[in-house]
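Note that full-length UniProt numbering has the sequence shown beginning at 1, numbered continuously upward.
Wrong hints could be hidden among the right ones.
[As the list claims (entries may be wrong)] Below, computed lysine-lysine pairings styled on DSS-like, alpha-carbon distance capped at 25 Å:
(1) K229 / K160
(2) K278 / K192
(3) K155 / K198
(4) K140 / K35
(5) K161 / K229
(6) K284 / K153
(7) K35 / K70
(8) K144 / K334
(9) K144 / K161
[Unchecked claim] Simulated restraints, written as ranges between beta carbons of each label pair:
(10) K301 / E196: 33 to 39 Å
(11) K155 / N308: 33 to 39 Å
(12) D184 / Y135: 25 to 31 Å
(13) D184 / R305: 34 to 40 Å
(14) K161 / E64: 25 to 31 Å
(15) Y135 / A258: 17 to 23 Å
(16) D271 / E177: 24 to 30 Å
(17) E64 / D22: 21 to 27 Å
(18) T181 / D139: 43 to 49 Å
(19) T181 / Y282: 40 to 46 Å
(20) Y176 / K301: 39 to 45 Å
(21) C83 / K189: 38 to 44 Å
In case anyone wonders, no lab produced these hints; they're calculated from the structure.
Think of the CB as a built atom: it goes at the ideal place given N, C-alpha and C, for glycine as much as any other residue.
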Amino acid sequence: MKKEMSCLSEMCLDEFVRYISDKKIFCFGCGIQGKRMAGILYNWGIQNNLVAYIDNDEKKIGSEYICDGKAFKIVSIKEAIKCDDGNSIILITAIDYRSIYNQLSVYGYDMQRCISIDEIARNQLEISNYSDVIYESKDKLIPKKIHYAWFGKEKPNLIKKNIEHWKELCPDYEFYEWNDTNYDITKNKYMKEAYESKIWGFVTDYMRLDIIYKYGGIYLDTDIEMIKKPDELLYQKCFASFDATFVMNLGSGFGAVAGMDIIKELRDYYDTVSFVNKDGTYNKTSCNSHSYNVMKKYGVKVNDRLQNVHGMNIYPMIFQGACGHTNTIHVTNKTFWIHYGNLSWMTRELKNEQ
1 MKKEMSCLSE MCLDEFVRYI SDKKIFCFGC GIQGKRMAGI LYNWGIQNNL
51 VAYIDNDEKK IGSEYICDGK AFKIVSIKEA IKCDDGNSII LITAIDYRSI
101 YNQLSVYGYD MQRCISIDEI ARNQLEISNY SDVIYESKDK LIPKKIHYAW
151 FGKEKPNLIK KNIEHWKELC PDYEFYEWND TNYDITKNKY MKEAYESKIW
201 GFVTDYMRLD IIYKYGGIYL DTDIEMIKKP DELLYQKCFA SFDATFVMNL
251 GSGFGAVAGM DIIKELRDYY DTVSFVNKDG TYNKTSCNSH SYNVMKKYGV
301 KVNDRLQNVH GMNIYPMIFQ GACGHTNTIH VTNKTFWIHY GNLSWMTREL
351 KNEQ
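Given these sequences and hints, build the entire structure.
Listed below in structure tokens is the structure:
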């Protein structure tokens, strides 16, 4: 495998945060992940290190991104390099980081001072760990229910096989498939707009929280491969996990008893946002970013460590075993399932079916 061009690419999360603590930072890519990075830098206490965003989209250049009341200018590569004083780094937040490495190299940028956040996530996954699953009771608290959702066309055979695998591992669990025939998708504007736009991946963001709040149990996205039976997760009131974005991803599976306050608050947040913007474009902000807007109020730390936030136990990324943007899988005895996320695991099989 070809080694990445940056010498920083072997750092794990803690090393990376220490390294950038006294550096000026240009984030390359003002998309979903790039915008979320401003909030993460704030979480690390170094928000003032962020100088500007770099973007290849000419329509964005010259505009600003505003986070927590602070405006960050979006500039071209040339402008960023002109501003370089030797104590800055370029943090690549765009997913296609390999092509950006090549682009920076062509411009003659010092490759010892650029790094992709996805490479940091890949490295962190290799060392991610936690002591043990938290037991809050001698008795099971979360009911043996597994919920999942499907919208759109007929499920591919691989998805069907995956769900059957869940059932084989958990024969004593109740399984519930939710769709537009047994769930009212009009009860929330964000969800309704995503459904009417046929952007199925966003329909479930509200729905899964509503279902777990009402019925309790475990929710799984259908692209989650279960590694082991989740019985030991049932002795706590609420759980979720971080993923390779370094923030919590409810799409990576979560569970709770019915009526959990934090689940309700995460759900009700979607009453404050729209999926369709005023100009007709789609608000494709990820559920990770939406959830972070809630969890940061309660002091969540972006450090890939097990923590309890307002009653929810959030496990490190090894819990879900995947770094989707680098197509990296790492499984240990602390991994309950693999959340492939970008569905890359299905590409070949689905092509064979078509």
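Each hint, compared with the structure:
Using a Cα cut-off of 25 Å, the hinted pair K229 and K160 holds, with the two alpha carbons roughly 18 Å apart. A hinted pair counts as satisfied when its Cα atoms are at most 25 Å apart, and K278 with K192 qualifies at roughly 15 Å. Between K155 and K198 the CA atoms are separated by roughly 15 Å; this keeps the pair inside 25 Å, and the hint holds. Only pairs whose Cα atoms come within 25 Å are accepted, and K140 paired with K35 is rejected, the gap being roughly 39 Å.
Between the alpha carbons of K161 and K229 the distance comes to roughly 17 Å, so the proposed pair stays at or under 25 Å and holds. Between K284 and K153 the CA atoms are separated by roughly 21 Å; this keeps the pair inside 25 Å, and the hint holds. Of the pairs offered as hints, the one joining K35 and K70 holds, with about 12 Å between alpha carbons and a cut-off of 25 Å not exceeded. Of the supplied pair hints, the one linking K144 and K334 holds, its CA atoms being roughly 20 Å apart against a limit of 25 Å.
Taking the CA atoms of K144 and K161, the gap is about 21 Å. The hint holds against a cut of 25 Å. The hint said 33 to 39 Å for the Cβ distance between K301 and E196, and at roughly 37 Å that hint holds. For the pair K155 and N308, the beta carbons lie near 36 Å from each other, so the given range of 33 to 39 Å is met. Against the hinted window of 25 to 31 Å, the Cβ-Cβ separation of D184 and Y135 comes to about 36 Å, which falls outside the hint.
For D184 and R305, the Cβ-Cβ distance of about 38 Å falls inside the hinted range of 34 to 40 Å, so the restraint holds. Look at K161 against E64: about 48 Å separates their beta carbons, and that is not inside 25 to 31 Å. The hinted range of 17 to 23 Å is satisfied by Y135 and A258, whose Cβ atoms lie roughly 20 Å apart. Range check, D271 to E177: about 25 Å between beta-carbon atoms, so the 24 to 30 Å window is met.
E64 and D22 have their C-beta atoms about 25 Å apart, which keeps the hinted 21 to 27 Å range intact. Between T181 and D139, the C-beta spacing of about 35 Å breaks the proposed range 43 to 49 Å. Between T181 and Y282 the beta carbons are some 25 Å apart, a value that contradicts the proposed interval 40 to 46 Å. In this structure the hint that Y176 and K301 lie 39 to 45 Å apart at CB is violated, the actual value being about 33 Å.
At about 42 Å, the CB distance of C83 to K189 agrees with the hint of 38 to 44 Å.
The structure is inconsistent with the numbered hints 4, 12, 14, 18, 19, 20, although it conforms to all the rest.
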